[in-house]
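Asker: Spelled out, the chains give:
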Amino acid sequence: MEVKTYLQKVLESGEFAVTAEIEPPKSADPELIKEKAKCLKGYVDAINITDNPRATVKMSSLAGAVILIKEGIEPVMHITCRDRNRIAIQSDLLGAYALGIKNVLCLTGDHISLGNHPQAKPVFDLDSIHLLSLVKALNEGRFFNGEEIKGKKPCFFIGAVENPFADPLEIRPIRLTKKIKAGAKFIQTQIVYNLERFKKFLNLCEKLGILEKVYILAGIMPPKSSKMLKLIKENKVPGIEVPDELIKRMESAKDEKEEGINIAVEIIERVKEMPGIKGVHIMAVGWEFIVPEIIKRAKLYPRPAL
Amino acid sequence: MIITKIKPLDEILQYIESYDKILILGCSECAYGCSTGVENEVKEFAEKIKRERKKLGEPIKVLEKILTRQCDPSSLKPIEEFKDKVSALISLGCGVGVNLIADLYPKMEVYPGVNTLFLGAKIKEGYWVEKCRACGDCIIGYTAGLCPITRCPKNLLNGPCGGVKNGICEVRKTLPCIWYKIVMRLKNRGKLEKLMEIWEAKDWRISGGEGVRELKEE
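Protein sequences appear in the order of chains A and B. Residue 19 in the working numbering sits at position 19 of the first sequence, and the numbers go up by one each step. Residue 114 in the working numbering sits at position 114 of the second sequence, and the numbers go up by one each step.
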């Protein structure tokens, strides 16, 4: 029997979904996740827990997701193709479901060369699209090799990511279509700063007729400082586009943090009006405690009780 | 061609520490790394070793021989005549040569003189770039002749990933995104719809997943 996740229910009910993100600690300390979880609880529908982001060793997303469940928060567990082959991925997914994790976000993963163990052997047995079809197969009671799962099969709510700002623009909606075909039910996008480009991307998606087939959550990151934006621009974090005007706006602000909140709220309001946008995914890495404030100001609080 | 690079001299000197007579075995077919030709490469290499050993007060006799290839038992025959004349052999062929010599001549001390780097093309004088990984199942007929297994650091079969910016890979600024190029080449031919299809996961057995690969003519 299909058991729906809370995030799934929110999206299916037509409510505007709100998710946030926690990066697990670079240590074995669960308190760091708990603290952030406590601050976000009640303000978001689910919290993503990342899988060794930027190829840097962190506590596993599976463990982080279990900690969130214990805190009464529904996790979205990230899973990448960088560090595990299809055997390890399936094993982790079965284990995750057994521990109560029901939302998964499938990614290829940042390349190893960007992280703190560049000497490691990159796995990339699968890519994100294969990973989506793998999770879909598990949901349908089959392993990736076609073998039947005898006994309880998982029932994941399957998510994927898309970067509307990567090149070339025309391939992005095509790749998104492939992800939907492979099994993605919801999409969390790369951080949106360039609204024009985002709109263009959505228009192309509309032409392909895919906006009705998937729930798209726009990626939001409140800029904490102009310095941070410049670092992103210098490509320290792959895939994020930062317009120069945004950096100028932050630099000329009296209070950069306050301006960062304003920017996030403005972007949420703008994307909310765009076709196909069914929610926002707020990534305030290292600034998680500001998320409730943004959600309140964007009038997305209180969250629906479903 | 197979791109190789001469190993650091210190490493070579360590291999041959206890010998006073060695053979340098060049390979002229596909695996020489220097632009001046295999004769020069072998000669220079031998001279360097002799010079260093002389400096150390332990002169060494170095014989030279160039084979057409070291990856074929019949071409290896000429080394028979050196078997009893030298106490060790340094091959400047690729790793295939060293392995085959070790397989066929149990008593011979054989050492690699080069690191075998990759299968690549010479882009310009002194600059080679990898183009093929010999993964066993060429898909380049569908990817506009450009190999994502070799040239995409994530071996994506359904690229490009979200890390490409202005046609450049997230891995380093000097690396073009091969998926960006594939998309552009297909687009220019009006074949972008080819990328709508999902390319299934690769069977890595043929790429070495089951260990040593073999080919038997039927």
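Just to be clear, a hint being listed does not mean it is correct.
Stated by the list, open to error - Counterexamples of contact, computed for chain B against chain A with all Cβ distances above 12 Å:
| hint | residue |
| --- | --- |
| 1 | M1 |
| 2 | G95 |
| 3 | P160 |
| 4 | W179 |
| 5 | K187 |
| 6 | E218 |
Said to hold, decoys possible - Simulated pairs of lysine-lysine, DSS-like, Cα-Cα distance not exceeding 25 Å:
| hint | chain 1 | residue 1 | chain 2 | residue 2 |
| --- | --- | --- | --- | --- |
| 7 | B | K191 | A | K200 |
| 8 | A | K207 | A | K224 |
| 9 | A | K278 | A | K248 |
| 10 | B | K7 | A | K200 |
| 11 | B | K7 | A | K207 |
| 12 | B | K50 | A | K224 |
| 13 | A | K136 | B | K194 |
| 14 | A | K26 | A | K9 |
| 15 | A | K121 | B | K191 |
| 16 | B | K7 | B | K50 |
| 17 | A | K278 | A | K9 |
Hints listed in this document are in silico derivations from the structure and should not be mistaken for laboratory results. Note that CB positions come from ideal geometry on N, CA and C, so glycine has one too.
Asker: Give a verdict on every hint.
Answerer: Evaluation of the provided hints:
Even its closest Cβ contact with chain A, about 25 Å, leaves M1 of chain B beyond 12 Å, as expected for a residue assigned away from the interface. Interface exclusion of G95 of chain B from chain A stands, the closest Cβ pair being 19 Å apart, more than 12 Å. Its closest Cβ contact with chain A, about 7 Å, brings P160 of chain B to no more than 12 Å, contrary to its assignment away from the interface. With 12 Å as the threshold on Cβ separation, the claim that W179 of chain B sits away from chain A is violated: the shortest Cβ distance comes to roughly 8 Å.
Look at K187 of chain B: its CB is around 7 Å from the nearest CB on chain A, not clear of 12 Å, so calling it non-interface is violated. Non-interface status of E218 of chain B relative to chain A is upheld: no Cβ of that chain comes within 12 Å, the nearest being about 28 Å off. With a C-alpha separation of about 22 Å, the suggested pairing of K191 of chain B with K200 of chain A holds against the 25 Å cut-off. Using a Cα cut-off of 25 Å, the hinted pair K207 of chain A and K224 of chain A is violated, with the two alpha carbons roughly 36 Å apart.
With a C-alpha separation of about 30 Å, the suggested pair K278 of chain A and K248 of chain A falls outside the 25 Å cut-off, and the hint is violated. Pair hint K7 of chain B plus K200 of chain A does not hold up; C-alpha atoms about 53 Å apart against a cutoff of 25 Å. The suggested pairing of K7 of chain B with K207 of chain A is violated, with an alpha-carbon distance near 57 Å, which exceeds 25 Å. Distance hint between K50 of chain B and K224 of chain A is unfulfilled; the C-alpha atoms sit about 63 Å from each other, more than 25 Å.
Annotation: proposed proximity of K136 of chain A to K194 of chain B holds, straight-line Cα distance about 23 Å (limit 25 Å). Between K26 of chain A and K9 of chain A the alpha-carbon distance is near 33 Å, which puts this suggested pair outside the 25 Å criterion. Note on K121 of chain A and K191 of chain B: the hinted pairing is violated, with a Cα-Cα distance of about 34 Å set against a maximum of 25 Å. The suggested pairing of K7 of chain B with K50 of chain B holds, with an alpha-carbon distance near 16 Å, which does not exceed 25 Å.
Pair hint K278 of chain A plus K9 of chain A holds up; C-alpha atoms about 12 Å apart against a cutoff of 25 Å.
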